[in-house]
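Novice: One line per chain: the protein sequences are A and B, in this order. Mapping of the first sequence onto the numbering used here: residues 122 to 377, in sequence order. Mapping of the second sequence onto the numbering used here: residues 15 to 237, in sequence order.
No false leads were slipped in.
Far from chain A, by Cβ distances over 12 Å, these chain B residues were calculated: (1) Ala-101; (2) Glu-105; (3) Ala-123; (4) Val-187; (5) Glu-189; (6) Cys-196; (7) Gly-199; (8) Arg-202.
Okay, the calculated bits of chain A under chain B, using three or more residues with CB under 8 Å as the criterion: (9) 130-137; (10) 146-156; (11) 192-199.
FYI, nobody ran anything at the bench for these hints, they're computed from the structure. For clarity, every value in this text was computed on a predicted model and none was experimentally measured. Quick reminder that beta carbons are idealized off the backbone N, C-alpha and C, glycines included.
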Amino acid sequence: MNPLLAAPIEDQLAQLAVRPPRGFADRVVARVSTVVGPTGPLRVAWTASGICAVEFASRLGDADFAARVRERFGRPVLPADRPLPGLVAAARTGNARRLAFDLTGLTPFEVAVLEATLAIPVGEIRPYGWVAEEIGRPRAVRAVGSALGRNPVPVLIPCHRVTRSDGSIGNYGGGPAMKEALLRAERVNLDEVAELAAVGVHYVGSTTTKIFCLPSCRHARQVAARNRLGFRDLREAGSAGYRPCEDCRPGLRRSA
Amino acid sequence: MTRDGLQRFRARGVLEAVQGATADSEDELCRRLAGDLDAGFAELVATYGSLVCTVAARATFGNEETEDLAAEAFLRAYRALRGYDAARIRELRLRPWLVTIALNVARNARRAASRHPRADSLAVTGEPVARGRDVAELAETADAAGELAKRLAALPAKQRLAVVLRYVADLPVPEIAAVMACPEGTARSHVARGLAALRAAYGADRTSQARPAGRRGGQEPDR
Chain A
122 MNPLLAAPIE
132 DQLAQLAVRP
142 PRGFADRVVA
152 RVSTVVGPTG
162 PLRVAWTASG
172 ICAVEFASRL
182 GDADFAARVR
192 ERFGRPVLPA
202 DRPLPGLVAA
212 ARTGNARRLA
222 FDLTGLTPFE
232 VAVLEATLAI
242 PVGEIRPYGW
252 VAEEIGRPRA
262 VRAVGSALGR
272 NPVPVLIPCH
282 RVTRSDGSIG
292 NYGGGPAMKE
302 ALLRAERVNL
312 DEVAELAAVG
322 VHYVGSTTTK
332 IFCLPSCRHA
342 RQVAARNRLG
352 FRDLREAGSA
362 GYRPCEDCRP
372 GLRRSA
Chain B
15 MTRDGLQRFR
25 ARGVLEAVQG
35 ATADSEDELC
45 RRLAGDLDAG
55 FAELVATYGS
65 LVCTVAARAT
75 FGNEETEDLA
85 AEAFLRAYRA
95 LRGYDAARIR
105 ELRLRPWLVT
115 IALNVARNAR
125 RAASRHPRAD
135 SLAVTGEPVA
145 RGRDVAELAE
155 TADAAGELAK
165 RLAALPAKQR
175 LAVVLRYVAD
185 LPVPEIAAVM
195 ACPEGTARSH
205 VARGLAALRA
215 AYGADRTSQA
225 RPAGRRGGQE
235 PDR
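Kindly produce the complete structure, drawing on both the sequences and the hints.
Specialist: Here it is in structure tokens:
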């Protein structure tokens, strides 16, 4: 016999109370923590949906960072009891692809740009036009640059890995010097890319595999010097019978 | 995800803990909010999470997710507090204030939902909220509680609100009157009429059954 059937109605009503699920407070409160980044400490904020703000500790104090997050998200901001799982490793390695991000307030275009950028591997760089193609907006190269300039979660979403196709490093919210420091910290072959760009080479092919890559692609860097072949553009690579690398996807849609 | 996380009380322990937040500790919480808004607010969420979730789930019976409504209510409360000066925060009557915000949020969500119906919204109003709970544990109470929840949902809005605030959320009558913006006597009569209607509809066929010894017997929640 169900004891509730006979309980006074007031007690049965009390049974209808609803208790918040575990971790409910984090639906309301944003957490902040300082973690070790590739070039120095980073301040990181997150909500229950994911990481929502990142700043170089050298550029913004603890309290100012919290105030900025509070202002932007209209939430209480408190120090985290423990770092978000995966955050420490992601900040150290530069690979944050498994972390969730809270990109509330950004446009769908900006979100698409940041998602494509998140997929750029550690130690590699991509031109702005590559991001534009990845998101299916090949002509929106400048807009990609602006969207990356507003990246609220730098380093973790690696907008520093998007550079100019002429081999120069391009703009960065934290300053070009910071951008270069980040790229050198993850051992991008910046000098080689710049040298190739200076002589008009933007793609590197392997004469053994007949595959061509962006010059910073890990596959391109493994090609022995005697097997390397430079291309100025996609047409040159295509007419030589080379196919694009499936990892760095040079000119994914244009070449199709 | 959100719906699954919600759990119904097995016993009245947690609500009694909320009720135990006497006027003194509510004043203390107000003082802390006035001193350090963000730290105080985390305490506020911990103290009144059950109250706000209960109101969101039971006093509205809308189609929105309870947890989403409750979180939104707390965010509105925080944004309001940011605009209040310390003196105003110290004077707040937190429970009726939070309940009022939660009711407004639920009302707005219902309006928005009726303009843009959601594919995954609950079709049956008054459906038991608890999900993802141990099945055997739920089965014991689900039938009776679900039935009561439906009866409750069918009450006229004012009676339903008054009964939910009094007996589900365990608010004292003066605070119910504050939420309903009416005299205490009126609030009390909404409670009494709602309870009588529930008894007439629901309790009549139970009277022949014997009450079990122990457990919830004897605790009259009336004040």
